[in-house]
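Assemble the complex: chain A is given as a structure, and chain B must be docked to it using the hints.
Protein chains: 2
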Amino acid sequence: MTQVKQIYAFDEGNAGMRDLLGGKGAGLAEMTRAGLPVPEGFTITTAACRAYFAAGGEWPEGLLDALDEAVSQLEERTGLKLGDPDRPLLVSVRSGAVFSMPGMMDTILNLGLNDDTVLGLARRTGQDRFAWDCYRRFIQMYGDVVLGVDHYAFEQIIDEQKAARGVRLDTELSAEDWKNVVEEYKQLVEKETKRPFPQNPREQLLGAVRAVFSSWNNQRAVVYRKIHGIPEDLGTAVNIQRMVFGNLGDDSGTGVVFTRNPATGEAKLYGEFLLNAQGEDVVAGIRTPSPIAQLEETMPEVYRQLLDVARKLERHYRDVQDIEFTVERGRLFLLQTRAAKRTAQAAVKAAVDLAKEGIIDRVEAIRRVDPDSLTQLLHRRIDEAADLDRLAKGLPASPGAASGRVVFDADEAVRRANEGEAVILVRSETTPEDIHGIVASQGVLTSRGGMTSHAAVVARGMGKACVCGCESVRIDFRKREFLVEDGRTIREGDVITIDGGTGQVYLGAAPLVAPVLSPEFQELLAWGDEVRKLSVLANADNPEDAAKAREFGAQGIGLCRTEHMFLGPDRVSIVQRMILAEDEEERGRALEELLPLQRQDFVGILRAMAGLPVTVRLLDPPLHEFLPNLEDLLVEVTQLRERGDDPDRLRERERLLRKVRVLHEANPMLGHRGCRLGITFPEVYRVQVRALYEAAAELAAGGVSVKPEVMIPLVGHHRELEILRAQVIEEAERVLQEKGVELPIKVGTMIEVPRAALTAGEIAAQADFFSFGTNDLTQMTFGFSRDDAEGKFLHAYVQGGILDADPFMVLDEPGVGRLIRWAVQEGRTANPELKVGICGEHGGDPRSITFCHNVGLDYVSCSPYRVPVARLAAARAALG
Amino acid sequence: MTQVKQIYAFDEGNAGMRDLLGGKGAGLAEMTRAGLPVPEGFTITTAACRAYFAAGGEWPEGLLDALDEAVSQLEERTGLKLGDPDRPLLVSVRSGAVFSMPGMMDTILNLGLNDDTVLGLARRTGQDRFAWDCYRRFIQMYGDVVLGVDHYAFEQIIDEQKAARGVRLDTELSAEDWKNVVEEYKQLVEKETKRPFPQNPREQLLGAVRAVFSSWNNQRAVVYRKIHGIPEDLGTAVNIQRMVFGNLGDDSGTGVVFTRNPATGEAKLYGEFLLNAQGEDVVAGIRTPSPIAQLEETMPEVYRQLLDVARKLERHYRDVQDIEFTVERGRLFLLQTRAAKRTAQAAVKAAVDLAKEGIIDRVEAIRRVDPDSLTQLLHRRIDEAADLDRLAKGLPASPGAASGRVVFDADEAVRRANEGEAVILVRSETTPEDIHGIVASQGVLTSRGGMTSHAAVVARGMGKACVCGCESVRIDFRKREFLVEDGRTIREGDVITIDGGTGQVYLGAAPLVAPVLSPEFQELLAWGDEVRKLSVLANADNPEDAAKAREFGAQGIGLCRTEHMFLGPDRVSIVQRMILAEDEEERGRALEELLPLQRQDFVGILRAMAGLPVTVRLLDPPLHEFLPNLEDLLVEVTQLRERGDDPDRLRERERLLRKVRVLHEANPMLGHRGCRLGITFPEVYRVQVRALYEAAAELAAGGVSVKPEVMIPLVGHHRELEILRAQVIEEAERVLQEKGVELPIKVGTMIEVPRAALTAGEIAAQADFFSFGTNDLTQMTFGFSRDDAEGKFLHAYVQGGILDADPFMVLDEPGVGRLIRWAVQEGRTANPELKVGICGEHGGDPRSITFCHNVGLDYVSCSPYRVPVARLAAARAALG
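Those protein sequence lines, which keep their order, are chains A and B. Residue 765 in our numbering is what sits at position 670 of the first sequence, and the numbering runs on without skipping anything. Residue 856 in our numbering is what sits at position 761 of the second sequence, and the numbering runs on without skipping anything.
Keep in mind that the hints were calculated from the coordinates and are not lab data. Keep in mind the model is a prediction, meaning the values are calculated, not measured. Just so you know, not all the hints are guaranteed correct.
Pairs count within a copy or across copies, as identical chains cannot be separated in the list.
Here are the simulated BS3-like pairs of lysine-lysine, each with C-alpha atoms no more than 27 Å apart in a straight line [stated by the list, open to error]: (1) 628 with 754; (2) 257 with 574; (3) 436 with 363; (4) 321 with 841; (5) 488 with 754; (6) 100 with 176; (7) 286 with 488; (8) 574 with 754.
Only chain A is shown next, with the shape it has when bound in the complex (with noise of 0.2 Å):
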């Protein structure tokens, strides 16, 4: 019988043998099998390791003689040998499991060391206190580790020894002095145990080795693999390395550098370098390591081979590398390499210039960077190496950091914003009557409200910062400031910095960092658009963010909102008189005032967009929500009726009071909006579509290539569809006939209504295109109110593990997926020509899109910061 293979030198291995060596064994043999400076050693198995725990706790047979085996062989090639006093080998036991489990085993280094081999260490180094210091480490890891012996104890001689020394740090310790340490604890080695600390270095080894198996059932590394999911019944594996000594002089050494920098990506060796010294001092912390370029100047030589030595790393492992190296008396030895942690700057650009080198291939460029990471690039940061004050955390609701001063409303914003002062609005939240101070703002921040708050809706159509819901901030507005949790009151004036991207608040003014949008940014984009299927859209409800979006690659406006039409100080009170309206001329007025402001925002908007469509969704809030605050308003009749003092005032109020309540809704998400306004308020729709075509007509009859696109939201019964398809039809023939000018009419729905979907057959016979309105079709289909929920018991049931994720962050694909498939499915068989896309922010979530892509969608549409996103993520999906 063929006894199985226990035992593999690191040349015997390759990265493939994870399994078997573990995650560090098949690291070691790999870099090996590469031909780097690998100091040499051998892995016994996970397999090695189950039987053992198999035979409880028994060597399993042949293992022993593969072990004497094994450091024979590597005594032959490193002509040491172990427990020699002249030439002693020297070696480290690690454990290696095969998933990571970092810190959670043990490991023992300087293995081999005894009261002989010591002073040969001592001899063949010329470093009597470098040696006694390895010794008495050794006996401390090894009496910890292998004979339980608590390592407090160990500290205390250390303590003690210094306190006899009458020194503080333990470099202030000679030779001698390590040398009495050793003693003690040997001492107390035989004192814990009842037997001498041993001497044989076999004895050692195969103690070590034990220790290491053992350490698999830990209880730290049983809750680990407990937390993380990983098998119980995998064991193991165990490294036996020769040591290599950074700390033998000054030519020597040990450093960690990184093949590219990691913040930027820039193609230069980047790390740090610790002349004498080992891993250990640099962590440390006790002396400051010098710059990697500093190693050219003191070892050219090293220097040249570690140059050698990372891009050979980087062509055999085709990746930015993060190399820990030590350098032993002139000599390089590599000890660790792994894919390198690096910002998404340093991503891009590594991944572009990858593959320019000919490393990687295109598609493997597209693979290496997380598409939502890009968001980083385009707004402003904070400076990552700033010191900051923070004040408090609430929702990231729109992406950027801003600073200003702290204002309480909306006039005093735009009072100082006119005198040039940047300012944070805060308020407990938004109303539409707020719009001209979040337009004069640097960013807001509100202490109520969710995701999808007015603020944060509005502040991510203006691209602004904004930070909602952040509880913890309690406001005066009598007093005009706010407090936190601490207890720190902030006052009107004071200039706070708000990072929406994260959600927290910090006092003073964080410095900032610019955006960066490099050639590479740029080319990655290119390659990804040439694979992907699915075109990528914008959602745009001005002309300043289509010119972004499109600035940022989007290939139409996929949701061009008109609800902020109806605002800003100019237009809500337009809009007022319109819903107050006490007759159908009243109204009529109104919208007609409204008429030329609309067509002016269209001509922007379908100018920004020249060529590229533009799909304008009706007005689809309730109406309510362009009136004074219910609230407020009892608030104020109340005052008025307590004090008695301004009759007509207090009967103004009421009249509008009242028309507020007859507005006011139980659950004004499933209200009165949308194409449910269209069907009951038909002049308003009319009104929309005449400016869109007045202003299409206007630029079309200049030479302007315009495609608009119009979309009835929240249509749940293809009744609906058909009738208000009809009117907008009927009017825009009407617009483009009286402007003698041809254009294609197409209208189309949101699918945002679970019905919708159900009966998606049915409706696109009346649509050319559907748009999946994600946001609202989760809230319908979960039955979460999302600015209720997130508050109450999203966030418990994300922690809880009921939901896997916040479906409103990635689309739901069992319950919401499910009815958008089944909708793309029937609205297409119901008719072919249908073009099918999605404009929830789900648009934006590239695992959302890989669904968005397998389910065979045309489009997406999100907020132009996350075009980049989308277009890298579709082409990602795309790639499978």
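Same frame as chain A, but now just chain B:
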């Protein structure tokens, strides 16, 4: 070539030839065929009419010959002759379309009269005045319908004649007077048409037939057909029938009889009779008809004939008939018969009696009664004969009628009720704090809120009359009065009557009729029970409702809502303490106080339903529903601040306001409720489960058979159910073990969130049963908040034909139904033991019940008063 037959004598046709002969023609033929005494006549077919139009208004080939032939036959049969002064044949000419278009087309009577035959008629009848009156009527009708002379001109001539004779009534005019009128009529016709009034009866007949044909296209008829969706190209038949006269003396007369009493169903001839009169006279209301029974005395032979005819007609048509008849000189003639309109009570009794008499079978009896009509029999209702003073109309929110004194708050309701007064609670809307007032009242009237408003739901639950959303009522709470549209003011203490079945509000105490649960009612339902497949359970929240439901035949409780157990003056304060609790311990104490109260409720309910399943739904509504209204608090706090005289109260109210604000939700329907509460506050559900199983154990130990089942509301993800199911089972087992009782534990879920239906397979694995909560499922599938939709756009949608029916009344098959079908199929596939039912309001709607049967549900559950409706509807569904 054989000519298609264009005219059918009455004895040549039958009821099946409706398409060709029209409704009236087919009916007259059928009666003739059945050997009943119908005046002779014939029908010109609709095909002939179409041929007439096809020929551009010319007589189609062969029609004139056929008409002459038919007239000859008629002359032969009657022994009379058209235009013969001695034996003049007089006929009626009437239209008769395939679909009834009452009053839309024209009729001509007494055709055949001219200057000669009028004398013959006078001679034959011996009644000059009668003859001349007939002639003038004929000229007037013919002049108007055929010749197009304005009928006002004719009436003016009569008025002048009456003025000349100094009389007021037509009946005061003599034969001579009518003769003068005829003379003037003829002059009028000649002046208007430039031709003398046609004296030739054949010419008269051809003109009349043309006029009836043409009346198919008169404007009234065209509009009627458009509204009722009747095809334009059917044409009308023309019926020509010998005239009979009930006004030839005291051996003549006319009347209407029902073969059974249409109000009670009593198997006894019912109707009225007017001696010496024509049908027109009955309608004119100049003389008061006698009850039909008197005919037995005045004309015993005719009465006997009538009885015989009634029996024959019922056997022939297999239904209760409404018969028009005329007696001409002692001879009975039938002019029309049709199925009698009847009350629900009559329908039930007649159907059962007819079945017992062997005229129909039991299946047919079941089909004869509209299930919806049964509710009329279960509530007190307003006497139909009463003279009522209508004040306003709202939504019919909870059936039944109630009278009482108006009160404007719950405490006043209780105070007056304790003094023995019947009261109607009038509020703008109700909240949980009004519950004791609702309990104390006969009924509730609100000016706001829809069919699912608090008042409506609570009233239906209690079986109290309720009219909701009565917006024309303007309540002034300070003055303690309300205004109605016509300007009248109703003060506290005034008596009103509300009809929750129609939404009407009346002044004063309208006479009420007690419900009748006849033996026939029970019998019919028992017959239905034998054929139906669906079980019928009830929605009941208290012992009284449970007992009522059982009395009506419920087979258990399909939905026992527990939120009502949290209400009532003794409980709501404990519940508020629980909600406002600052820590777990305080919350726990409040819950402990609620435990015995809930247990006592469950004991009552389980006892009332001994031996039958009781499905208990754990707490569903959001917690803020148990707290004071936010707006009221805001007003109070503002007032306290303005007045500044009670700082302690202000602080306390401000604290409450803050808490209410925290719990306040933008869209409570989609907020923190249902199982989301169960997940975040597990102790609430735990106490409910404990109360239920303690009650069950107590009864079981006493020998009562109990079958509790626990239902989790608002599940949207299988993990929610998995977690809560485990918690329910754990607590239930703990209780049963404590009590030493064994009971099976069943846990199921509502399917009311679209996502639950979409992932029914996963959810079914965790459920013993599904219960479709179609109210919420409809709200979320349509994206309609019922309360908001009903007042704002749903009415317009139904009126405008966008929706065929209110989806909250009749289940929407294409959308909601599709989800249900899917969930049933996937749920049963995943769990073949799954019991599946419905507990939304649709569970009591006959059309929706048919869907439930077709989709294969196991049961429907509805409010107690709908149980008989559901039993009958389920039977009819099973009959297909």
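How the hints compare with the structure:
Taking the shortest Cα distances, residue 628 and residue 754 never come within 27 Å of each other, neither inside one copy (50 Å) nor across copies (51 Å). Neither within a single protomer nor between protomers do residue 257 and residue 574 lie at most 27 Å apart by alpha-carbon distance, with minima of 58 Å and 91 Å respectively. In this homomeric assembly, residue 436 and residue 363 come within 27 Å of each other (Cα to Cα) only inside a single copy, at 16 Å, whereas the closest approach across copies is 97 Å. Neither within a single protomer nor between protomers do residue 321 and residue 841 lie at most 27 Å apart by alpha-carbon distance, with minima of 55 Å and 32 Å respectively.
For a Cα distance limit of 27 Å, the shortest separation of residue 488 from residue 754 across copies, 22 Å, qualifies, whereas the shortest one inside one copy, 38 Å, does not. Proximity of residue 100 to residue 176 under the C-alpha cut-off of 27 Å is restricted to the intra-copy arrangement: shortest distance 24 Å within a copy versus 125 Å between copies. In the homo-oligomer, the alpha carbons of residue 286 and residue 488 never lie at most 27 Å apart, since the shortest distance is 53 Å inside one protomer and 96 Å across protomers. In this assembly of identical chains, residue 574 and residue 754 lie within 27 Å of each other by CA distance solely across copies; the values are 22 Å between and 32 Å within a copy.
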